[in-house]
Amino acid sequence: MTGGQLLAEAARHLPTARCAAEEGTVTMDVPREDWLAALAFARDVAGCDFFDWLTAVDEQDKGLAVVAHLYSIEDRQHLLVRTLVPQDDPVLPTATSLFRGAGWAERETHEMFGVVFAGHPGLAPLLLPAGFEGHPLRKDFPLAARAAQDWPGAREPGEGETSARSRRRLVPPGVPEGWPPA
Amino acid sequence: MVAVDLPLPRRQGETEAAAFPAWVRVFDAGLACCGVEVSAALRRCVSLLPGEATVNVLVVAGTVTDKLAPLVLAAYRDLPEPRRVLSFGACANSGGPYWDSYCVTKGADQIIPVDGYVPGCPPRPEALLHGLRLLLGAEGDRP
Amino acid sequence: MTFIGQERPGGHAPVPPAHGEPGPAIPSQGLAEPVTAGPGDAGPASGGLPALDLDAGHLPPRSRGVIGLLEENCTVCMLCARECPDWCIYIESHKQTVPAPDSGRPRVRNVLDRFAIDFSLCMYCGICIEVCPYDALFWSPEFAYPEAGIAALTHEQDRLRDWMQTVPPPPAHDPGAPTPREAQAAGPGTGAAG
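Chains as they are written, first to last, in this note's numbering: chain W, 1011 to 1192; chain Z, 14 to 156; chain P, 219 to 412.
Hints may contain errors.
[Stated by the list, open to error] One-sided excerpt, in silico: chain W residues whose CB lies under 10 Å from chain P:
#1 1110
#2 1152
#3 1156
#4 1159
#5 1160
#6 1164
#7 1166
#8 1169
#9 1170
#10 1180
#11 1182
Calculated from the structure, these hints are not laboratory results.
Owing to the predicted nature of the structure, the values given are computational and were not obtained by experimental measurement.
Ideal placement from N, C-alpha and C gives every residue a C-beta, glycine not left out.
Full structure from sequences and hints, please.
If you want it as structure tokens, here you go:
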């Protein structure tokens, strides 16, 4: 089905979904409780038989966004299904009942972001070495090397080994406010 | 891992009787992109004729991730004497572009003793030959 | 995998291709004799690939081998150190008051105490060279500077100046290229070369 038809069908089957269509891609935002329903709709109604990937985005205050990319081979239609889970309760039902291929993707999302996929047959870490603590792709995960190392760019022009540190503390680009903790 | 007998290139004027070995046995631990450059160097210089290789060189070419580090250590442990280790590329030298990553060992010398470092990201294939010459005492290599 | 000291199990060594005949297409059955240094030409024994050139003489323009520093152009603006993604540029400086000739106001300028690039970390992205507003950093195609100790891969000011001698002149503009803005601003008679 085309993007337009997909939007119409989604409005019928998933009244809580907010959809947007661009060239060849439909993005569908659903609340957490409709996650499995949205994936089932994608597979059974919209004809998206190809599960491409599943991952998460740390939206910080808004929570953790879990994104799945599905594709209809026959209609050449991309579908991005998104939902939001809160940081303190990052539980989502597993997609493996609908798409077997989601198994490893959910394992990786679990170890990198801490999202718990209820009903997953084996949510063990996939890529990280044994004994790794923390969820590295969350935005509040500190990069130890950057905290331990002094940034060479923190010096002002005209500042050297012996001169006093300037009062203005520069941070490298991309570092969030208040990091590293003093 | 590939083990390849490599004739060490000589400069014009260096005689066959120069003090450094004529042949080395290169064990290429091609972990990432630098492995492609090492392959490019080895593929042009390799001979299947049995050489009189007298030194084993482990070339660590690529990013040493925390998960792979035990295997690099095992490869070094299994390397018979006389042996040397050449760190090839920025990642193997110090972590390189991934110096701040959560899962990268910041340089092969964190886990095994390294005898030579070849800078580059990635270094040219010819840089591997320079690195091997440095490792084996071909003094004329430093300009 | 056979190690040194073990005999090769059975078999005879493969016969290398006769001189002048093209080698087999399979990689690793290339040369039968050691490579000698010097500018090479594509030979049949190397499987059609150009022989390796141990020196940087024949590399294409803008090849990225090492970075040289022209100290006179550096005003210690710190942009290269700040933009470097690897944090591998170390700069120290101090301020110096320069009395002006006549009765002018004395000027304050930055004097470099230390400018070092740690090439064990450098990923040769070129951001420092692109971002430098005063053209103090240059690419050089030299690539042969391995070291036995990793500390020696941090090149200090004097070594970075030595690399400047290996920086090639910039390649000529393409024929038919539009005049660069800098030449246009400088007025007629300074058009693109070539």
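Hints and how they fare:
1. 1110: Violated - the Cβ of residue 1110(W) stays beyond 10 Å from chain P, reaching only about 39 Å at its closest.
2. 1152: With a minimum Cβ separation of about 16 Å from chain P (threshold 10 Å), the hint on residue 1152(W) is violated.
3. 1156: holds (8 Å)
4. 1159: holds (6 Å)
5. 1160: Because about 9 Å separates residue 1160(W) from the closest Cβ in chain P, which is inside the 10 Å limit, the hint holds.
6. 1164: For residue 1164(W), the interface hint holds, since the closest Cβ of chain P sits about 9 Å away, which is under 10 Å.
7. 1166: holds (7 Å)
8. 1169: holds (7 Å)
9. 1170: Nearest chain P Cβ about 4 Å off; hint holds.
10. 1180: holds (8 Å)
11. 1182: holds (7 Å)
Against the hints set out earlier in the document, violations occur for numbers 1, 2.
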